[in-house]
Amino acid sequence: MIEKELICVTCPMGCRITVTMEGKEVLSVKGNTCPRGEAYARQECVQPMRILTSTVRITDGTHRVLPVITEKEIPLEKMSEAMSEVREVTVSAPVEVNDVIIENIAGTGVRLIASRSMEHI
Amino acid sequence: MRHYQAVIIGGGSAGLSAAVTLKQNGIEDIVVLEKDMEPGGILEQCIHNGFGLQTFKEQLSGPAYAQRYVKMAQDLNVEIKLNTMVTKLNADRTVEYTSSAEGIQTISADAVILAVGCYERSRGAINIAGTRCAGVYTAGQAQRYLNIEGYMVGKKVFILGSGDIGLIMARRMTLEGAKVYGVAEIMPYSNGLPRNIRQCLEDFDIPLYLSHTVTKTFGKDRLEKIELMEVDEHMNPIAGTEQYFDVDTLLLSVGLIPENHLAEEAGIQMDPSIKGPYVDDSYMTSAPGIFACGNGLHVHDLVDFVSLQAKRAAEGAARYLKNPKDRGETLAVKPGENVLYTVPSCVHPSDAEENVEFFFRVRKPMDEGTLEVTSGDRVIRTMKKKKLMPSEMERVIITAKEIATLDGEVRISVKEANA
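Going down the list, the sequences are from chains A and B.
Counting in the numbering used here, the first sequence runs from -12 upward without gaps.
Counting in the numbering used here, the second sequence runs from 15 upward without gaps.
Everything labelled a hint here was simulated from the structure, so no lab data went into it.
The beta-carbon is built from N, C-alpha and C at its ideal position, and this holds for glycine as well.
Just so you have them, the derived chain B footprint on chain A, three or more residues with Cβ under 8 Å:
| id | stretch |
| --- | --- |
| 1 | 35 to 47 |
| 2 | 92 to 104 |
Restraint ranges, calculated between C-beta atoms of paired labels, are given here:
| id | chain 1 | residue 1 | chain 2 | residue 2 | range |
| --- | --- | --- | --- | --- | --- |
| 3 | B | Lys401 | A | Thr77 | 40 to 46 Å |
| 4 | B | Asp246 | A | Leu63 | 35 to 41 Å |
| 5 | A | Glu106 | B | Gln68 | 26 to 32 Å |
| 6 | B | Lys401 | A | Asn91 | 35 to 41 Å |
| 7 | B | Pro202 | A | Ser79 | 45 to 51 Å |
| 8 | B | Glu279 | A | Cys32 | 54 to 60 Å |
| 9 | B | Lys239 | A | Glu9 | 44 to 50 Å |
| 10 | A | Arg74 | B | Phe259 | 25 to 31 Å |
| 11 | A | Cys32 | B | Leu224 | 25 to 31 Å |
| 12 | A | Thr46 | B | Glu430 | 55 to 61 Å |
| 13 | A | Glu12 | B | Lys230 | 49 to 55 Å |
Please model the entire structure based on the sequences and the hints provided.
Below is the structure:
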């Protein structure tokens, strides 16, 4: 039986969570202050998942780049694959917040969406 | 001269929240002065997620969080003057500003809310020896280049200071294809949020060098190399610990300071422990009718608390505008043992209508401690606290009833367990 100390990254509270594991099985989760902390801890021990935020090029917008965010967490190991897809994208203004930029990023089934609106200039 | 009920200086998270709150409290004739081309402030370049959990009960990126407040302000017809730089604030609540649309203007107000944000400590403030070549940026400057202007600032990067912006830039630069060689922190503990150590450094195997600092830069036109050294308990570099990294970019994440030149010029009394103005429980400064909130008052850890504090400051301003009475004697609230600062820094026991939430930071990391609020020799409140970190703001609420009974100087302290 091993004990693992985790920092929950679900929100900025940063709860310190103690997970007791037997092999690959999670026996108990302690220290979380909300149910999402428990879900995070169980997932973290199997396959770490993260939100990806980045920017894509935008033409005719008020800025040269548009901030984007994945709608849900994607596997941490998929980050670099996801980033190479992000780098290929150019959108054109206007864009509304939550507009879909990439439908299925890195084959994860998760959508990459605009994290702000940007007007046409 | 155009006269307003209230002028809000700064259209970032604090200013927008203050403006929305004033409107909701029936203060209609207000204006927000914002120096940038769009409202939102620093949130516009903080494209990472983690904002809004307290305020909106969901996780948003910085721009998305800002957009919610911009929308609320627009729906309430808040006037926001963009590309408008305030050049002077006077104690009589006249405000001088300049913009290309209007030239140099002076306006006056019954109340002014300072929501001016903070600035980054720069290379000059920390005296790194070496050549003055290109490639040394503050972390926030690099963040703006990358996330708003769309320019990558370097390929081989070292980061000095483990503040949150530095940690977030370590991840961001890595994802964008740069190699981040490490983050150095002069203190024996990190100054960033624990979650950012996890998801920005450990996720990408970026080493964190605690009790280390960058002692020298090398390079002619562009940075070529940095010298990293371990420091002793007095933060002095230890001879023989030199390490060298061939990098073209050094990012500095070495602290934020409230932007306070407007307040200082107006003769407003400053609190050296927060580097911002002294404020009472309604967030009024020493100048009647001038209020302060957000990172321009003291540097926050989460934007949600900035919005919350700005809301309280605007509620304070609204009460003042409706009834600008003398609130009686003030009683100082001071940081005690192991506490760096407290905000607000005074209360009015004879006019205690509202509960007061105090924000404070501890001086050093503590596994366990007991928070104690005292007034003179009397203990008002004790509370057990776990895992206290200087990087995280702590909060304690003292009720209006308790405030009314305070008779001696108030101290907020944390007694370390097993110390």
